[in-house]
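Peer 1: These are the residues of each chain, in order.
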Amino acid sequence: NAGVTQTPKFRILKIGQSMTLQCTQDMNHNYMYWYRQDPGMGLKLIYYSVGAGITDKGEVPNGYNVSRSTTEDFPLRLELAAPSQTSVYFCASTLSSGAPTQYFGPGTRLTVL
Amino acid sequence: DAKTTQPNSMESNEEEPVHLPCNHSTISGTDYIHWYRQLPSQGPEYVIHGLTSNVNNRMASLAIAEDRKSSTLILHRATLRDAAVYYCIVGGATNKLIFGTGTLLAVQP
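Chains as they are written, first to last, in the numbering used here: chain V, 237 to 349; chain L, 108 to 216.
Hints were generated in silico from the structure; no laboratory data involved. Among the hints, a few may not be true.
Unchecked claim - Listed next, the in silico EDC-like pairs over lysine to aspartate or glutamate satisfying Cα-Cα at most 16 Å (straight line):
1. L:Lys203 <-> V:Glu295
2. L:Lys110 <-> V:Asp292
3. L:Lys203 <-> L:Asp138
4. L:Lys203 <-> V:Asp262
5. L:Lys110 <-> L:Asp138
6. V:Lys280 <-> V:Glu295
Since this is a predicted model, take the numbers as computed values, not measurements.
Given only the sequences and the hints, what does the whole structure look like? Please build it.
Peer 2: This is the structure we're talking about:
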């Protein structure tokens, strides 16, 4: 199993551009999550999903959108990039609410200039 | 979700035990206590979790106070590879993990 994979690893955007961060897991996990981590800070939950077709907001959802059309994929969309969205983005997954262990991807480092 | 309080940083010597404390006084009866760690430039990694009883695994031990308002992560013999930020998190339904700033553990050779 590859676990949780994220693409791209690095990206530089200009203000106002849009992009999609990809996240895929091959463990047949129902729950998936997107977090962002600013320098020297802990992770903050952006959005999460408890299954295909079901998504919900986390702590910091503004400026982002998600979709979950399959169990494996959970893309994160930035529509109008802003410098405040410069961060490292982590995707994670877990099997169900009864399985507390979350598996994290390697992260995407995004810079908005 | 319950809030946690951890020291900002701790130091340890290699091959000595490390006790990382965490306070979570507002924990509810169904909240698990999770510990994750984050090595430099990597995503968080699961360490251990528990509900009421003390727990052991190959990485660490988790000691939970009887009133569940605090817990301690125990690394039995710290190595240089254990240098990381350790996060104590309490979580409930849907496993939404609310990360604080964690404890930065430095391990001296």
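Peer 1: Are the Cα positions of L:Lys203 and L:Asp138 separated by 16 Å at most?
Peer 2: holds, 11 Å
Peer 1: Assess, step by step, whether the Cα of L:Lys110 is no farther than 16 Å from the Cα of L:Asp138, and give holds or violated.
Peer 2: holds, 11 Å
Peer 1: If you draw a straight line from the CA of V:Lys280 to the CA of V:Glu295, is it 16 Å or shorter?
Peer 2: Holds, because 6 Å separates the two Cα atoms, which is no more than 16 Å.
Peer 1: Holds or violated: L:Lys110 and V:Asp292, Cα atoms, limit 16 Å.
Peer 2: violated, 21 Å
Peer 1: Does V:Asp262 lie within 16 Å of L:Lys203 when you go C-alpha to C-alpha?
Peer 2: With Cα atoms ~21 Å apart, L:Lys203 and V:Asp262 exceed 16 Å; violated.
Peer 1: Just to be careful, I want the Cα atoms of L:Lys203 and V:Glu295 compared with a cutoff of 16 Å; is the pair within it?
Peer 2: holds, 10 Å
Checked against the numbered hints given earlier, the structure breaks hints 2, 4 and satisfies all the rest.
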